[in-house]
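With chain A fixed as given, assemble chain B onto it according to the hints.
If you want the building blocks of each chain, they are given just below.
Number of protein chains: 2
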Amino acid sequence: MTAGGNTVERSDDQDAGARSIGVAVLGMGNVGAEVVRIISDNAADLQARVGAPVQLRGVAVRDLARPRAIDPELLTDDPGALVARDDVDIVVELMGGIDPARGLIRAALENGKSVVTANKALLAEYTGELATAAARAKVDLYFEAAVAGAIPVVRPLMQSLAGDTVERVAGIVNGTTNFILSAMDETGADYEATLAEAGRLGYAEADPTADVEGYDAASKAAILASIAFHTRVTAADVYREGISAVTADDLVAAKKFDCTVKLLSICERVHDADGSERVSARVYPALIPLTHPLASVNGAFNAVVVEAENAGRLMFYGQGAGGAPTASAVLGDMVMAARNRVHGGRGPLESTYASLPIAPVDDVPTRYYISMRVADRPGVLAQVAGEFTKRSVSIAAVRQEGAGDDARLIVVTHRAPDRAQSECVAALEDMDAVIKVSSVLRLEGTDD
Amino acid sequence: MTAGGNTVERSDDQDAGARSIGVAVLGMGNVGAEVVRIISDNAADLQARVGAPVQLRGVAVRDLARPRAIDPELLTDDPGALVARDDVDIVVELMGGIDPARGLIRAALENGKSVVTANKALLAEYTGELATAAARAKVDLYFEAAVAGAIPVVRPLMQSLAGDTVERVAGIVNGTTNFILSAMDETGADYEATLAEAGRLGYAEADPTADVEGYDAASKAAILASIAFHTRVTAADVYREGISAVTADDLVAAKKFDCTVKLLSICERVHDADGSERVSARVYPALIPLTHPLASVNGAFNAVVVEAENAGRLMFYGQGAGGAPTASAVLGDMVMAARNRVHGGRGPLESTYASLPIAPVDDVPTRYYISMRVADRPGVLAQVAGEFTKRSVSIAAVRQEGAGDDARLIVVTHRAPDRAQSECVAALEDMDAVIKVSSVLRLEGTDD
Numbered sequence: 001m002t003a004g005g006n007t008v009e010r011s012d013d014q015d016a017g018a019r020s021i022g023v024a025v026l027g028m029g030n031v032g033a034e035v036v037r038i039i040s041d042n043a044a045d046l047q048a049r050v051g052a053p054v055q056l057r058g059v060a061v062r063d064l065a066r067p068r069a070i071d072p073e074l075l076t077d078d079p080g081a082l083v084a085r086d087d088v089d090i091v092v093e094l095m096g097g098i099d100p101a102r103g104l105i106r107a108a109l110e111n112g113k114s115v116v117t118a119n120k121a122l123l124a125e126y127t128g129e130l131a132t133a134a135a136r137a138k139v140d141l142y143f144e145a146a147v148a149g150a151i152p153v154v155r156p157l158m159q160s161l162a163g164d165t166v167e168r169v170a171g172i173v174n175g176t177t178n179f180i181l182s183a184m185d186e187t188g189a190d191y192e193a194t195l196a197e198a199g200r201l202g203y204a205e206a207d208p209t210a211d212v213e214g215y216d217a218a219s220k221a222a223i224l225a226s227i228a229f230h231t232r233v234t235a236a237d238v239y240r241e242g243i244s245a246v247t248a249d250d251l252v253a254a255k256k257f258d259c260t261v262k263l264l265s266i267c268e269r270v271h272d273a274d275g276s277e278r279v280s281a282r283v284y285p286a287l288i289p290l291t292h293p294l295a296s297v298n299g300a301f302n303a304v305v306v307e308a309e310n311a312g313r314l315m316f317y318g319q320g321a322g323g324a325p326t327a328s329a330v331l332g333d334m335v336m337a338a339r340n341r342v343h344g345g346r347g348p349l350e351s352t353y354a355s356l357p358i359a360p361v362d363d364v365p366t367r368y369y370i371s372m373r374v375a376d377r378p379g380v381l382a383q384v385a386g387e388f389t390k391r392s393v394s395i396a397a398v399r400q401e402g403a404g405d406d407a408r409l410i411v412v413t414h415r416a417p418d419r420a421q422s423e424c425v426a427a428l429e430d431m432d433a434v435i436k437v438s439s440v441l442r443l444e445g446t447d448d
Numbered sequence: 001m002t003a004g005g006n007t008v009e010r011s012d013d014q015d016a017g018a019r020s021i022g023v024a025v026l027g028m029g030n031v032g033a034e035v036v037r038i039i040s041d042n043a044a045d046l047q048a049r050v051g052a053p054v055q056l057r058g059v060a061v062r063d064l065a066r067p068r069a070i071d072p073e074l075l076t077d078d079p080g081a082l083v084a085r086d087d088v089d090i091v092v093e094l095m096g097g098i099d100p101a102r103g104l105i106r107a108a109l110e111n112g113k114s115v116v117t118a119n120k121a122l123l124a125e126y127t128g129e130l131a132t133a134a135a136r137a138k139v140d141l142y143f144e145a146a147v148a149g150a151i152p153v154v155r156p157l158m159q160s161l162a163g164d165t166v167e168r169v170a171g172i173v174n175g176t177t178n179f180i181l182s183a184m185d186e187t188g189a190d191y192e193a194t195l196a197e198a199g200r201l202g203y204a205e206a207d208p209t210a211d212v213e214g215y216d217a218a219s220k221a222a223i224l225a226s227i228a229f230h231t232r233v234t235a236a237d238v239y240r241e242g243i244s245a246v247t248a249d250d251l252v253a254a255k256k257f258d259c260t261v262k263l264l265s266i267c268e269r270v271h272d273a274d275g276s277e278r279v280s281a282r283v284y285p286a287l288i289p290l291t292h293p294l295a296s297v298n299g300a301f302n303a304v305v306v307e308a309e310n311a312g313r314l315m316f317y318g319q320g321a322g323g324a325p326t327a328s329a330v331l332g333d334m335v336m337a338a339r340n341r342v343h344g345g346r347g348p349l350e351s352t353y354a355s356l357p358i359a360p361v362d363d364v365p366t367r368y369y370i371s372m373r374v375a376d377r378p379g380v381l382a383q384v385a386g387e388f389t390k391r392s393v394s395i396a397a398v399r400q401e402g403a404g405d406d407a408r409l410i411v412v413t414h415r416a417p418d419r420a421q422s423e424c425v426a427a428l429e430d431m432d433a434v435i436k437v438s439s440v441l442r443l444e445g446t447d448d
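Going down the list, the sequences are from chains A and B. When we follow full-length UniProt numbering, the leftmost residue of the first sequence carries the number 1, and every step to the right adds one. When we follow full-length UniProt numbering, the leftmost residue of the second sequence carries the number 1, and every step to the right adds one.
Bound conformation, chain A alone (with noise of 0.2 Å):
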């Protein structure tokens, strides 16, 4: 039994460990190259943890011509065709995107090959059509690298607190506006100027829209929710603002209040009032205080904190994107799957049981911190005060700032329902005395 060989053996024995496990990688990007590099330079640490040699049977790529590391009899551009192979046990989904990925992981799937995909705008939209796929064929299907790169998360969730009750799940999962929002505390520069400086140093990407905009985030955000809470959330449920408008204002003034600024996907069990729970996602970026474990995650680094009932809180915390790391988990999946091929069984899949209700934003309980520039003049701040007061919105902290042209006025409110905070500011943009609503961000990561 040799890791280079290339007889393909099968047995019914599920210990026998005699056959190789075949396996294609679709797309030979970053990641699809570094897991091609360590399927190769790992194969005997592979074969030992699986029980079978591992053997790369073709790698699907868009342009054939271009030189790569790797034997070129491997590559094909008919992905398809590769995906059908009879001697391809596992599929590893790495070229990102809906169509054809969507296709050709549902053809695996169908076929009764295991699939292994780091696909979060997919799975955000189709894990329910996969999973059932997956169910039908009783294969794997493993994405732990859709989320937070090299972190273990999705294993976390769906297996270690299999016991447990989430109640929160609150991360940084997105590495562009990570790396942008740091940048911008440290420097004091404006969001155009750092993400410009991201995009010369390789942390944003040429359009950087799905990333600023808090999509990927929300894609991420609902794949957590599906899983922390046993319920399908898709990146429609997902309430969705991105960091274009967070100023270097925004950040100083998170200072003041010992917080900063981080774009965080959350996903929540929301409790209401008659003992009902829903189920609440969303994405935005929001005042952390700086004591919270997620405020010194700095740069391109990712953490995902989960908070359930009796494990309490965890962190986790690592890369969150690469090829090194991303692969790394893709691999820690394909391992697993191989594994279970060799020795039977397989992993969990979506469970949906709990099928809870999705809460709109409007009624989730949130925090406001709110910027303004108003007249200098008495009684401006009663009357601020009477529009939150009016809405059964309490003010936890209010601070005044200059005088004249630039008084301001900064307050920060207690929970409420976010419908009712929004209401507040909406009000205050109609105040007379408010000259300008300079700033709204929520605030997170407190207990009150």
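Everything labelled a hint here was simulated from the structure, so no lab data went into it. Treat the hints with care, as some may be off.
Cβ pair distances, simulated, as ranges [claimed, not checked]: (1) B:236 - A:396: 31 to 37 Å; (2) B:375 - A:446: 53 to 59 Å; (3) A:299 - B:77: 38 to 44 Å.
Lysine-lysine pairs mimicking DSSO-like chemistry, simulated, CA-CA at most 30 Å apart [claimed, not checked]: (4) A:436 - A:255; (5) A:390 - A:436; (6) A:255 - B:256; (7) B:436 - B:390; (8) A:256 - B:256; (9) B:255 - A:255; (10) A:256 - A:436; (11) B:436 - B:256; (12) B:138 - A:138; (13) B:390 - B:256; (14) A:256 - B:255.
Built from N, CA and C at the ideal position, the CB exists for glycine as well.
Coordinates of chain B only, in the frame set by chain A:
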């Protein structure tokens, strides 16, 4: 199919979900009581996650007379008979200690029952024996709760990182010692007073030896090293020093070097000059830089940092002890073991294919912090430095403090084999100019 039904139906259809999964709990201390409570409180959730009802068949306790929050008919003082019951599928061992836990677990495994245990002392000695029995019977042996309580560490290391190469695991995995060191750091009190206070607050046991002398941390290091390096490492292979010699002065001095003192469990892949590899597992109090992620892990919290070739540095943080958090980890394992009985398959067991030799601490490159009282006269520094040069240990920093009777010299070395470092210390102790070597600690968590 109700969670409360008592009929045990067995079926060969792996997906039927018609039979119930019978659970026996051995031991009803803090953790056992929480496990029993959660099985009853969360019956519907557990059933949905497992795919079959989970039913508590019985709980073995030492003292039947003691009042407990449980149907007395479930209690027994005959754990052997409970484990042998035909309607028990999973044995949850929470008695602790080697005997009778060892025999009961073996009997359970040999009778085809899956086992979930939190027994680190047992695992650190007898994982080999137990895993062999589990492999033979094709059942699960899970032990997430044995290391770092609620924090998922075992499963991420065994599964999520199954495709990576772990280089290093360093953890704060003993809450008692971390509480004591954190309190000493905060209050400036000495070890004895802080230990007494920890006892009063319930953070230290009446006989604190297992914690303060590092035996508990060493057991966990053995377990972590075994998993991380696919090599059997037992408690006897772990070099061990406790915290009882750490002084208030050490914590003050650590701060001057922008460090703090933590009891670390370190598991390291040692790369020898000839290209071969060995495993080092060791426990000692060490200085770590305040910027290191483990430096801010305070009180009874635990954290484990894993460094892997591709994943980079990951950190797992949370509650390392306590009834409910530990029960969360136990129940995650129980759900996965139960799920495997319903759906077929089983989790990975001990993997020892790498069988790396153990590196004695003498051979491991370490850094030292040495504080000594010296004679206040010219030439002492040169003389001290000479002892290091003689043994090819290079000095990274020197601090001279005080004068006259209180003249002190603090030396921090660069990395060199631990034997050379400790020989330097012995030589210093023999020097006339050195009145007393008052403190020796290793320095960890630095790159150089």
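Comparing the hints with the structure gives:
Checking the proposed 31 to 37 Å range against residue 236 of chain B and residue 396 of chain A shows it is violated: the Cβ atoms sit about 56 Å from each other. Checking the proposed 53 to 59 Å range against residue 375 of chain B and residue 446 of chain A shows it holds: the Cβ atoms sit about 56 Å from each other. At about 57 Å, the beta-carbon gap between residue 299 of chain A and residue 77 of chain B misses the expected band of 38 to 44 Å. Using a Cα cut-off of 30 Å, the hinted pair residue 436 of chain A and residue 255 of chain A holds, with the two alpha carbons roughly 22 Å apart.
As the CA atoms of residue 390 of chain A and residue 436 of chain A are separated by approximately 21 Å, the hinted pair is consistent with the 30 Å bound. A threshold of 30 Å between alpha carbons decides the hint, and for residue 255 of chain A with residue 256 of chain B the separation of about 27 Å falls inside it, so the pair holds. Restraint check: the Cα-Cα separation between residue 436 of chain B and residue 390 of chain B comes to about 21 Å, which is no more than 30 Å; the hinted pair holds. Between the alpha carbons of residue 256 of chain A and residue 256 of chain B the distance comes to roughly 29 Å, so the proposed pair stays at or under 30 Å and holds.
Restraint check for residue 255 of chain B and residue 255 of chain A: satisfied, since their Cα atoms lie roughly 26 Å apart, inside the 30 Å limit. Restraint check for residue 256 of chain A and residue 436 of chain A: satisfied, since their Cα atoms lie roughly 20 Å apart, inside the 30 Å limit. For the proposed pair residue 436 of chain B and residue 256 of chain B, the alpha carbon gap of about 20 Å is at most 30 Å, so the pair holds. This hinted pair checks out: residue 138 of chain B and residue 138 of chain A have alpha carbons roughly 20 Å apart, not beyond 30 Å.
For the proposed pair residue 390 of chain B and residue 256 of chain B, the alpha carbon gap of about 28 Å is at most 30 Å, so the pair holds. Taken as a hint, the residue 256 of chain A and residue 255 of chain B pair is honoured in the structure, with Cα atoms around 27 Å apart against an allowance of 30 Å.
Taken one by one, the earlier hints fail for this structure at numbers 1, 3, listed in ascending order.
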